[in-house]
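> As a plain string of letters, each chain reads:
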Amino acid sequence: MAHSYIRISRLAAVIGLLLLKPAVTFAGEEAEALRQQLAEIKQQMQHLQQTYEQQINALELRLDGLESKPANQTSVAEAPAKPSRSSTNNSDFKIGLTGVIAAGGSSVDNDALEGLQAGAHDPNQNGFTVQNVELSIGGTVGPYFDAQANIIFQIDTEGETVVELEEAFFTTRSLPWGLQIKGGQYFTEFGRHNPLHPHSWDFVDQPVVLSRFFGGDGLRSQGMRASWLMPTDWYSELFFGVQNPKGETVTSFLNAPGEDIGGYTLIDRDARDFGDLLYTARWLNGFDISDTLSMNLGVSGLWGPNASGTTTDTTIYGADLYMKWQPLYSQRGFPFVSWHTEVLKRWYEAGDRGDPSRETLKDQGLFTQALWGFKPGWVAGLRAEYASADGNTSTDSLRDTRKRLSPNLTWYPSEYSKLRLQYNRDWAQHLPDNTADSLFLQLEFNLGSHAAHIF
Amino acid sequence: MKKLFSALCGLLLLAISHTSHATLRVVTTTQDLAAIAAAVGGDQIQVQSLTPGTRDPHFAAAKPSMIRKVFRADLLLVIGVDMEIGWLPALLQSARNVQVQPGNSGFLDLSTSIPLLDKIDGPISRSMGDVHAQGNPHYWLDPRNGVRIARAIANRLSELDPPNKDNYQQRFKIFSQTMDSKLPAWRTGLAKLKGKPVIAYHKSFVYLADAFGFNIVDEVEPKPGIAPSAGSLSKLITRIQNDNIGLLIVEPYYERRSANYLNKQTGIRVAVLPQSVGSQSGINTYFDLFDAIVMALNTPEGQ
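Respectively, the protein sequence lines represent chains A and B.
All you need for this note's numbering is the position in the first sequence, starting with 1, plus 257.
All you need for this note's numbering is the position in the second sequence, starting with 1, plus 4.
No wet-lab data here; the hints were simulated from the structure.
Note that the structure is predicted; figures quoted are calculated from it, not measured.
Built from N, CA and C at the ideal position, the CB exists for glycine as well.
Among the hints, erroneous ones may be present.
Stated by the list, open to error - No farther apart than 25 Å at their CA atoms in a straight line, the calculated lysine to any residue pairs in the SDA-like style are these:
hint	chain 1	residue 1	chain 2	residue 2
1	A	Lys619	A	Lys675
2	A	Lys675	B	Pro226
3	A	Lys351	B	Gln103
4	A	Lys632	B	Gly235
5	B	Lys73	A	Pro452
Claimed, not checked - Label pairs and their computed distance ranges (CB to CB):
hint	chain 1	residue 1	chain 2	residue 2	range
6	A	Thr572	B	Leu121	58 to 68 Å
7	A	Pro689	B	Gly133	48 to 58 Å
8	A	Trp582	B	Asp292	56 to 66 Å
9	A	Ile711	B	Ala275	48 to 58 Å
10	B	Ile178	A	Leu678	23 to 33 Å
11	B	Gly46	A	Lys632	56 to 66 Å
12	A	Ile711	B	Asn267	47 to 57 Å
13	B	Ser238	A	Phe631	18 to 28 Å
14	A	Val594	B	Ile230	37 to 47 Å
15	B	Arg273	A	Gln301	51 to 61 Å
Stated by the list, open to error - If you want the footprint, here are the derived chain B segments under chain A, 3+ residues with CB under 8 Å:
hint	segment
16	236 to 244
17	247 to 260
From just these sequences and the hints, can you work out the full model?
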C-alpha cells in the first residue's frame, strides 16, 4: 500500500511538471517523447485504479463477512456478500423488431410466382421482397395479466407500405387449476405451424396447405380461448376457443365478400348467433422419450360457417407431430435433428340446402420437414409437401394437385440474425409447364429484446 | 364425441388423484442449483433440474415437459443474469404457476446473493457478442459462491416450510463445513496455476480463476458466443507464443477442433474442464464438481 502511495505522488509530480511546461515551445521530438510519457502515465494510472478497486472490493467483502458473521463461526468459505443488484432476469417490458427480407428468382413470371407462393409473407417476386417487418411489444400488465401486440409492416407487390395489426391479446397469469384465458386478436392455436411468426419459420415460405386453408396471413381473428394444463404426469393441454369467423384472415370461413373458393363467389354473410362463430379446439401432448429425444403430438379442429351460402359450414381437422433429438453434449443448441409433420383435411359445404349444385368441397394436404443442425450456427433442412382436392380442380391454383420439394441451408451468424438459401421445386397442375424452379436468399435481423428460443 | 368426453373425464379423475404431496417440489434451471438444493433440502424436498449439466443452459428451449415441471413446482431456483432469458420467460407464461413468478416466494434468483464479476458499466452493444451487462452468469464455479447459494436456498426453504427450518439450517451448516474442509485441498491442488495466464474457450471460468488465483487472459471465441475463425485463431497462436501461455481450458460441450489445432500449433496443454454438476459421469454433487476440476487439471496430458 505504502509503495503504491509513493508511486501516486511521483505520478502527480510528473503531471504537475507537465502542466507547468506549456509556455515552452517544444521541438517535434521532445513533444513526441512527452506524448509517450503521458501515455505511459495514463497506463500506470489505469493499472493503479484497477489495483485499488480490486483491493477495495476485497476489503468490502471481508468487511461484509465480519459484519454479518456471528463471532463463533469461523468458516473460510463463507464470505457473505451484499446482493449486488436487484433481479432483472425477467424484465417486464419487451420491445423488439424483426425484419425478414428476401431476394429470389424463379423460372416462372411474377403472376405465376404469386400463385405458387400464396403466403402473404412468402417471397413472391423475381427480385426483392420485404417479407415481414414486425414490431413486437409485450410485457406484464399487472399481477393478473400479460399482454402482447405484434404490428406488421410490409411492402406489397405494388410498392405500397402496408401496416397490419397482426396480434394484440392478453393472457391471464394467475387463474387456478392450470387454466389460462387469452383474448383479443391472435393466431389460432391450430397445429404447430399456424401460430408461428414468419421469423420463426424453418423455411422461407409457409406450407402450401396452410396457405390454402388459412389464407396468406395464417388463421387469426378476434376472440377468446381458454386452455387447461391438465394435471397429468406428462404435459397435456386442452385449448377451446371462439373467434369471429369473418375477414380475410379467416379464409375457410366467412372470409370477405366477393372472394372466390372453388368457383363459389362468397356472399356478405355475418355471424348472427353463437352457432355462427368459429369454434376452435386443440389437444397438445408433450413427452420426453429419453434424455435426448422429445416429442409433441397434437390434434386440432375448427368448426364455423362459410359464406358460400346462408347456412353453409366448414370443418377442418388436423394432426401434428414434432420430434427433436439433441445429443447429451451440445454446444449452443447444436447439433440437433428435428422432424415436423402436419396433416390437414377440410370439408367445405358449398351452396345452400335445396340448391341443386350444392356439394361438399373436400381438400387435404400435408407437409413434412426435417432439420439437421449439423454444426453450431448451421442448419440444413428438407421439406416435402402435397396438397389436393376432390373433383376437377386442375386450373385452380389453390385447389389443384400440388407437390413441392424444398431443400434449404440456414446460417446463424449470431443469435440475432440469419441467412437462408432455399430452392423450391414445384409440381403444380395449374401451371402451363406443370413445374417451376425457384431460388430464394433470405436475410433476417432482430433488434431489441432477446427473442424466445423455439423448441 | 360421447366416447371422447367420457375418456376425458376418466383422464381428469386419474389426474386429480396425483396432486397431493407432502414434500416441497423444487425445480431448478441447472443441475448445479439442483445439487446444492438437494444437499440443503434433504428428504424434505424433491428436486428436478430443467436442463442437464451436459448442455449450455443458455441455449435451452422451453420444452412442454418443462412446463409440466414448473406448473407443479413450489420453488423455482434460477441462475439469473440473463442466463435463461431465451426460454424462462416463455416457460413462466405457459406454466401459469403464480407462486413461482418473479417477485413471489416461490421464485429465487440466486444471482442476487452473489458479488458478480465482469459487470459492464460503459455502453454495451450486441456487436460485442453475447455480453451480459449485469455480470458474468457462471458464478457457481467459485466454491465460495456455492456457500452463498446454499445459504440463500436454506433461508428460502425455511420461509416456505417453517416446521423444517432447523433441518435446512443444519444441513446448510454441514454443507458450509464440508466446503471449509475441502477448500484447502482444492487450493493446494490448483496452487501451481496461481498467477499463471490461462486461455478459456468461453467466458465460463472467470469465477474459478478468481477463486483459485489464476488469470484468464483470452478466449478462443473472439467475442462471447462468436465462433473462432482462422484469423482469430492465428492471432491467438501469436499471443500464446509471445506470452508463453501454457494452459487452455474447454467446457465438455464445446467443439475440440479449435483447441486441438491450437495445441498442435503451439503445444499448449488442453484440459477439458467440467463446468457443471452432471457434465461428466460421476459428478453428482457440488463437491464432486470441484474434485473433478482439480483432478482434470492434475492429470498429465494424454490420459
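> Take the hints in turn and mark each one as holding or not.
Hint check:
| no. | hint | result |
| --- | --- | --- |
| 1 | Lys619(A) with Lys675(A) | 38 Å, violated |
| 2 | Lys675(A) with Pro226(B) | 19 Å, holds |
| 3 | Lys351(A) with Gln103(B) | 22 Å, holds |
| 4 | Lys632(A) with Gly235(B) | 19 Å, holds |
| 5 | Lys73(B) with Pro452(A) | 24 Å, holds |
| 6 | Thr572(A) with Leu121(B): 58 to 68 Å | 60 Å, holds |
| 7 | Pro689(A) with Gly133(B): 48 to 58 Å | 51 Å, holds |
| 8 | Trp582(A) with Asp292(B): 56 to 66 Å | 28 Å, violated |
| 9 | Ile711(A) with Ala275(B): 48 to 58 Å | 35 Å, violated |
| 10 | Ile178(B) with Leu678(A): 23 to 33 Å | 58 Å, violated |
| 11 | Gly46(B) with Lys632(A): 56 to 66 Å | 43 Å, violated |
| 12 | Ile711(A) with Asn267(B): 47 to 57 Å | 36 Å, violated |
| 13 | Ser238(B) with Phe631(A): 18 to 28 Å | 25 Å, holds |
| 14 | Val594(A) with Ile230(B): 37 to 47 Å | 25 Å, violated |
| 15 | Arg273(B) with Gln301(A): 51 to 61 Å | 33 Å, violated |
| 16 | 236 to 244 | violated (count 0) |
| 17 | 247 to 260 | holds (count 4) |
Violated hints, listed in ascending order, are 1, 8, 9, 10, 11, 12, 14, 15, 16; each of the other numbered hints is respected by the structure.
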